[in-house]
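A.B. asks: Taken in sequence, the protein lines are chains P and C. At position 5 of the first sequence (counting the first as 1) the number is 16 in the working numbering, and the numbers step up by one without a gap. At position 43 of the second sequence (counting the first as 1) the number is 46 in the working numbering, and the numbers step up by one without a gap.
No lab work stands behind these hints, which were simulated from the structure alone. Hints are supplied without guarantee of correctness; some may be wrong.
[As the list claims (entries may be wrong)] The list that follows gives simulated cross-link-like pairs (lysine-lysine, DSSO-like), each with its CA atoms no further than 27 Å apart:
1. P:44 / C:226
2. C:112 / C:242
3. P:21 / C:307
4. P:44 / C:32
5. C:226 / P:52
6. P:21 / C:226
7. C:198 / P:85
8. C:112 / P:21
9. C:228 / P:44
10. C:114 / P:21
11. C:32 / C:307
12. C:242 / C:198
13. P:52 / C:242
14. P:85 / C:32
15. C:32 / C:112
[Claimed, not checked] For each label pair, taking beta carbons as the anchor points, the in silico distance ranges come out as:
16. P:22 / C:232: 55 to 63 Å
17. C:194 / P:113: 34 to 42 Å
18. P:122 / C:233: 19 to 27 Å
19. P:58 / C:222: 40 to 48 Å
20. P:119 / C:117: 18 to 26 Å
21. C:233 / P:99: 28 to 36 Å
22. P:51 / C:124: 22 to 30 Å
23. C:75 / P:44: 53 to 61 Å
24. P:39 / C:189: 57 to 65 Å
25. P:99 / C:34: 56 to 64 Å
26. P:112 / C:184: 30 to 38 Å
27. C:41 / P:108: 54 to 62 Å
28. P:61 / C:271: 24 to 32 Å
Backbone N, C-alpha and C define an ideal beta-carbon position, used for all residues, glycine too.
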Amino acid sequence: MAHANESNVKRIWNVFWILSAITIVEVFLGIYKPVTLHLTKFLGTSPLNWVFIILTLAKAYGITWAFMHMEGEKTWFRRSIVWTAVFLICYLVTFLLIEGGYLFNILGPLVNW
Amino acid sequence: MEANIAIPSDSKESWIGGGVRPFGASYGKLMMWFFILSDALTFSGFLAAYGLTRFKLIDSWPIADEVFTHVPFVHGDFPMYYVAFMTFVLIFSSVTMVLAVDAGHNMKKNKVTWYMFATIIGGVIFVGSQAWEWNTFINGSYGAIKTSDDKILQFVKDGHQIALSDFVVGDRGDERVTHTKKNGLWFESGEIIPKYSVSQVITSYKADPSVQVKSELINVDEKQKIVLSREKGLEELLKGTQIVEGANLQVNEYGNTIFANFFFFITGFHGFHVFSGILINIIIFFNVILGTYEKRGSYEMVEKVGLYWHFVDLVWVFVFTFFYLV
């Protein structure tokens, strides 16, 4: 937490520039889609998609830790929020995506293109 | 009563160092965090459902770069730019919010007021941009044909998608027009008759050999939609039942209808969060002006709405990635 009478203005702007830079990189990659990243496969999807996901998580970290002052909260308070969210979201996403892939394998061949 | 109250018995002053402030945070802030946690799980539920549906229809999912291509006041294909602008607006309003919180810690009322004001303006610009994005999506840009087996057929010329108006000639052939209120005494409502009819589109397609049909199916190697040969295209066109212009909950000219449904639902739910955030920010803004927090001696309320506002930004970061990038 920011201590009273102590200003974090410089750090706030630093985080803003980092988040902006990440967004610019994302948009750049999203428009140009480098073939080597876009049309190859790595761990179930293209490396480009992994880059997007990792950059997104980096942005989420910046927003939560710096803007929402998560870094200054008590350790177990922080964990009660972050661990809960991370665990439940990973759980849900894993099962739903596996299920989605299964649906495609079963229903895909039935569609007559 | 006594049994229900936690009394420190281990000679430590408080539970996990908090006392009346468990975890060293005030009750209000704690509860805002737990609300944010539950809201985050709601949004992940939606996005995970979107992921499931996308995986289920992975071979025909609309390509975002071909759907969101418009920028206000500019003609042509500019995928990503507008939504990137929206992302910047929201990140920037997050910065002004956190600057307001910071100024609050230092009890600078004037600064808090101005930063809150900037945050509200940022939020309004974002919601306005989203309304424009919705409007563009609902009205559509090219038009397509829906077949009896629920596929969407789009049209291309020289590798670029073209609108129906770019190649369809002649008239509908059945003289039908949309019935409006001024044309009938007892008229209440009726279906909208598109400018072109399916048979007219087929005739125009036959007449112009440079036009080809683009199917929804994705070529896995190139990650592009497959363009059909002239003969195969005609075969598919003859199954056409309906002209589709724009997107709504029943039909979607860009492809799978459920893509439109998820787009409306998730960005709509997020937009509603931004809208509520603006209202709450406005309330707090006036409280700041009236000096409520100055008298209270603490600007913690600004910090609490700030948490909510940052959360809205956080969600947008994920929506941006999963709708527009991945």
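A.B. asks: Each of the hints needs a verdict: does it hold here or not?
C.D. replies: Verification of the supplied hints:
1. P:44 / C:226: Holds. Residue 44 of chain P to residue 226 of chain C sits at ~11 Å (cutoff 27 Å).
2. C:112 / C:242: violated, 67 Å
3. P:21 / C:307: It holds: about 22 Å lies between the C-alpha atoms, which stays within 27 Å.
4. P:44 / C:32: With Cα atoms ~42 Å apart, residue 44 of chain P and residue 32 of chain C exceed 27 Å; violated.
5. C:226 / P:52: holds, 12 Å
6. P:21 / C:226: Distance ~43 Å between residue 21 of chain P and residue 226 of chain C Cα, so the pair is violated.
7. C:198 / P:85: violated, 63 Å
8. C:112 / P:21: holds, 20 Å
9. C:228 / P:44: Distance of about 16 Å is within 27 Å: holds.
10. C:114 / P:21: holds, 16 Å
11. C:32 / C:307: Answer holds: residue 32 of chain C to residue 307 of chain C is near 6 Å, not above 27 Å.
12. C:242 / C:198: Distance ~19 Å between residue 242 of chain C and residue 198 of chain C Cα, so the pair holds.
13. P:52 / C:242: Status violated; Cα separation ~36 Å.
14. P:85 / C:32: holds, 13 Å
15. C:32 / C:112: At roughly 21 Å apart (the allowed maximum being 27 Å), residue 112 of chain C and residue 32 of chain C satisfy the hint.
16. P:22 / C:232: 55 to 63 Å: Check passed, 60 Å falls within 55 to 63 Å.
17. C:194 / P:113: 34 to 42 Å: holds, 39 Å
18. P:122 / C:233: 19 to 27 Å: holds, 23 Å
19. P:58 / C:222: 40 to 48 Å: Hint violated: Cβ distance 19 Å, outside 40 to 48 Å.
20. P:119 / C:117: 18 to 26 Å: violated, 56 Å
21. C:233 / P:99: 28 to 36 Å: Violated, at about 52 Å.
22. P:51 / C:124: 22 to 30 Å: violated, 43 Å
23. C:75 / P:44: 53 to 61 Å: The hinted range 53 to 61 Å is violated for residue 75 of chain C and residue 44 of chain P, with Cβ atoms some 24 Å apart.
24. P:39 / C:189: 57 to 65 Å: holds, 58 Å
25. P:99 / C:34: 56 to 64 Å: The hinted range 56 to 64 Å is violated for residue 99 of chain P and residue 34 of chain C, with Cβ atoms some 19 Å apart.
26. P:112 / C:184: 30 to 38 Å: Between residue 112 of chain P and residue 184 of chain C, where Cβ atoms are some 50 Å apart, the hint is violated.
27. C:41 / P:108: 54 to 62 Å: The hint (54 to 62 Å, Cβ to Cβ) is violated, given that residue 41 of chain C and residue 108 of chain P are roughly 22 Å apart.
28. P:61 / C:271: 24 to 32 Å: holds, 29 Å
Violated hints, listed in ascending order, are 2, 4, 6, 7, 13, 19, 20, 21, 22, 23, 25, 26 and 27; each of the other numbered hints is respected by the structure.
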